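Read off the chains here:
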Amino acid sequence: MPVIDFANPTRFLTIVNRVLPWLIAATVVLFAVGLFRAVNAPDDYQQGATVKIMFLHVPAAWLGMFGWGLMSIAALGTLVWRHPLADVAGKAAAPIGAAFTFICLTTGSLWGRPTWGTYWVWDARLTSMLVLLLLYLGVLALYWTAEEPGRGARAAAILSLVGAVNLPIIKFSVDWWNTLHQPASVFRMGGSKIDPALLTPLLIMTLAFTLLFMTLHLAVMRNEILRRRVRSMRLMQAQELAEAT
Amino acid sequence: MNLGPHADFIVAAYAVTVFVVAALVAWVVLDYWAQRRILGDLEERGVTRRSQRKG
Amino acid sequence: MSAFTALLVRDMRLAIRVGGGALMGALFFLIVVTMMPFAIGPDLALLARIGPAILWLGALLASLLALDRLFATDYEDGSLDLLMMGPLPLELSVATKAIAHWLTTGLPLVVIAPLLGLMLNVELKATGWLALTLFAGTPALTFIGVIGAALAVALRRGGLLLAVLVLPLTVPVLIFGVAAANAAIVGPTPFGPPFTILCALSLASLVLGPIAAAAALRHGLE
Numbered sequence: 380m381p382v383i384d385f386a387n388p389t390r391f392l393t394i395v396n397r398v399l400p401w402l403i404a405a406t407v408v409l410f411a412v413g414l415f416r417a418v419n420a421p422d423d424y425q426q427g428a429t430v431k432i433m434f435l436h437v438p439a440a441w442l443g444m445f446g447w448g449l450m451s452i453a454a455l456g457t458l459v460w461r462h463p464l465a466d467v468a469g470k471a472a473a474p475i476g477a478a479f480t481f482i483c484l485t486t487g488s489l490w491g492r493p494t495w496g497t498y499w500v501w502d503a504r505l506t507s508m509l510v511l512l513l514l515y516l517g518v519l520a521l522y523w524t525a526e527e528p529g530r531g532a533r534a535a536a537i538l539s540l541v542g543a544v545n546l547p548i549i550k551f552s553v554d555w556w557n558t559l560h561q562p563a564s565v566f567r568m569g570g571s572k573i574d575p576a577l578l579t580p581l582l583i584m585t586l587a588f589t590l591l592f593m594t595l596h597l598a599v600m601r602n603e604i605l606r607r608r609v610r611s612m613r614l615m616q617a618q619e620l621a622e623a624t
Numbered sequence: 015m016n017l018g019p020h021a022d023f024i025v026a027a028y029a030v031t032v033f034v035v036a037a038l039v040a041w042v043v044l045d046y047w048a049q050r051r052i053l054g055d056l057e058e059r060g061v062t063r064r065s066q067r068k069g
Numbered sequence: 006m007s008a009f010t011a012l013l014v015r016d017m018r019l020a021i022r023v024g025g026g027a028l029m030g031a032l033f034f035l036i037v038v039t040m041m042p043f044a045i046g047p048d049l050a051l052l053a054r055i056g057p058a059i060l061w062l063g064a065l066l067a068s069l070l071a072l073d074r075l076f077a078t079d080y081e082d083g084s085l086d087l088l089m090m091g092p093l094p095l096e097l098s099v100a101t102k103a104i105a106h107w108l109t110t111g112l113p114l115v116v117i118a119p120l121l122g123l124m125l126n127v128e129l130k131a132t133g134w135l136a137l138t139l140f141a142g143t144p145a146l147t148f149i150g151v152i153g154a155a156l157a158v159a160l161r162r163g164g165l166l167l168a169v170l171v172l173p174l175t176v177p178v179l180i181f182g183v184a185a186a187n188a189a190i191v192g193p194t195p196f197g198p199p200f201t202i203l204c205a206l207s208l209a210s211l212v213l214g215p216i217a218a219a220a221a222l223r224h225g226l227e
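Residue numbers (our numbering), protein chains in the order written: chain A, 380 to 624; chain B, 15 to 69; chain C, 6 to 227.
Isolated chain A, as found in the complex (with noise of 0.2 Å):
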């Protein structure tokens, strides 16, 4: 089905409407299997059975930069080459990629506080994510301050790109500073290698969390586009009394 074909809200919404049970169905049954294995899961030799918060830590960390990466593509489609529904699948991402970001951060503090001490650390990706946290908070207030939605859209799609191109830098400038003070123990979060026996159910909670993402994606597109149109039902009402009277 070529893109084109999302172009049009109400066909966009029909295609939702067909595929979202589906996307539900899959997504619980995996994360079923998931934390079946995740329970199951041998303890780390180091880490005891703390490893199995990284069972969310790290899908968690991947989804937020997945969330920030599809609201770039989502910039581009509204910037460069104005798809109709690309400003929405940019505001959809924004709320959930900063929730996983958030869910990143709190369990990566609550695994610190057994294997390092204390519940904060400034370790160099822990604190790539907060910094992306806080670029996810100004997106979400351009669009909740902007009056209109087209206009806090555009706004937010230049920020996306802005930071798109930011992150890196930012992760290579924190990375640097955190080599510059680190403590005499380095240790690495999850190991330098990850055992099979643990591997594999994190790949499969990594494709539950992220179908989860999808399909709260689309639910939220479809949600913004029902909003879209209650305010432009509205606007008109008003109009049409305003002519009336």
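Keep in mind that the hints were calculated from the coordinates and are not lab data. There could be a bad hint or two in this list.
Unchecked claim - Here are the simulated SDA-like cross-link-like pairs (lysine to any residue), alpha carbons at most 20 Å apart as the crow flies:
(1) Lys550/A to Cys204/C
(2) Lys550/A to Asp502/A
(3) Lys550/A to Thr201/C
(4) Lys550/A to Leu213/C
(5) Lys550/A to Pro198/C
(6) Lys550/A to Leu512/A
(7) Lys550/A to Val169/C
(8) Lys550/A to Pro493/A
(9) Lys130/C to Thr194/C
(10) Lys550/A to Ala205/C
(11) Lys130/C to Arg54/C
(12) Lys550/A to Thr506/A
(13) Lys130/C to Ala205/C
(14) Lys130/C to Val116/C
(15) Lys550/A to Pro173/C
(16) Lys130/C to Ile55/C
(17) Lys550/A to Leu172/C
(18) Lys550/A to Val500/A
(19) Lys550/A to Ala209/C
All figures in this text were calculated on a predicted structure; none of them were measured in a lab.
We have chain A; now place chains B and C onto it with these hints.
For chains B and C alone, kept in the frame of chain A given last:
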């Protein structure tokens, strides 16, 4: 299932994840119902969209 | 007089005359740096160690606050529309305004930084190096900040939104700026690498900042 000495942290991590995901899902579902209801109201009152009128 | 020079001179005159931009930024810098020891305590050894960080944070905040008015006043009296329709490409107009902004707000920060460094017990020779890092890094702060200013004015929102948008993007500048300053003062890490990266960030933002800001103005105000 033995989660070792740091069981609290493992449980807390899973609890936070479940809570955030549940909150997301709740937001999406509630928002959907709200928008459908408002659209239903508007259509009942005879307000139509431009594209529906043209057709 | 070319359009570029005309706009540059106009912006600089406005910044100096109104009394708002130019000296207010330096004054804010002074006040913020003065407040820090009240919070941290008068321990001179500690202040000397974190002196570069305090100065960089003060410069960052001062630059941020002054950016608020970069486009806002022009938007209010309609000159922003004229600028967008004028002979200069919008990217160049934005860059010109940003250069004027740095000359009137960023440069004064660089000039008074050595004095403030002495207040924080940074030794005199080291304050020179510190000022050099600020000289190399404040353009980056201005040109990254210009993006936030353009986004905020397009949405008709003010200072706090601007700060929320801009601050995460300035993390690399802060990291390398302080690192370079510390390297010059304390050693043993070399001064070269962080300083060159800082210059690179300024040069890159000199180009990319106005492009993004112009796009924000165009898309936001159409």
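A quick look at each hint next to the structure:
With a CA separation close to 18 Å, the supplied pair Lys550/A and Cys204/C stays within the 20 Å bound. Restraint check: the Cα-Cα separation between Lys550/A and Asp502/A comes to about 11 Å, which is no more than 20 Å; the hinted pair holds. Simply put, Lys550/A and Thr201/C have alpha-carbon atoms about 18 Å apart, close enough for the 20 Å limit, and the pair holds. For the proposed pair Lys550/A and Leu213/C, the alpha carbon gap of about 19 Å is at most 20 Å, so the pair holds.
Under the criterion of a C-alpha separation no larger than 20 Å, the hint pairing Lys550/A with Pro198/C is consistent with the structure, at around 17 Å. This hinted pair checks out: Lys550/A and Leu512/A have alpha carbons roughly 13 Å apart, not beyond 20 Å. Restraint check for Lys550/A and Val169/C: the C-alpha separation of about 19 Å stays at or below 20 Å, so the hint holds. Annotation: proposed proximity of Lys550/A to Pro493/A is violated, straight-line Cα distance about 26 Å (limit 20 Å).
Using a Cα cut-off of 20 Å, the hinted pair Lys130/C and Thr194/C holds, with the two alpha carbons roughly 18 Å apart. For the suggested pair Lys550/A and Ala205/C, the alpha carbons sit about 16 Å apart, so the restraint of at most 20 Å is met. Annotation: proposed proximity of Lys130/C to Arg54/C holds, straight-line Cα distance about 15 Å (limit 20 Å). Taken as a hint, the Lys550/A and Thr506/A pair is honoured in the structure, with Cα atoms around 9 Å apart against an allowance of 20 Å.
Under the criterion of a C-alpha separation no larger than 20 Å, the hint pairing Lys130/C with Ala205/C is inconsistent with the structure, at around 25 Å. Between the alpha carbons of Lys130/C and Val116/C the distance comes to roughly 14 Å, so the proposed pair stays at or under 20 Å and holds. Of the supplied pair hints, the one linking Lys550/A and Pro173/C holds, its CA atoms being roughly 12 Å apart against a limit of 20 Å. Using a Cα cut-off of 20 Å, the hinted pair Lys130/C and Ile55/C holds, with the two alpha carbons roughly 16 Å apart.
Taking the CA atoms of Lys550/A and Leu172/C, the gap is about 15 Å. The hint holds against a cut of 20 Å. Between Lys550/A and Val500/A, the direct Cα distance comes to roughly 16 Å. Compliance with the 20 Å bound is thereby established for this hinted pair. Between Lys550/A and Ala209/C the CA atoms are separated by roughly 17 Å; this keeps the pair inside 20 Å, and the hint holds.
When each numbered hint is compared with the structure, violations occur for hints 8 and 13.
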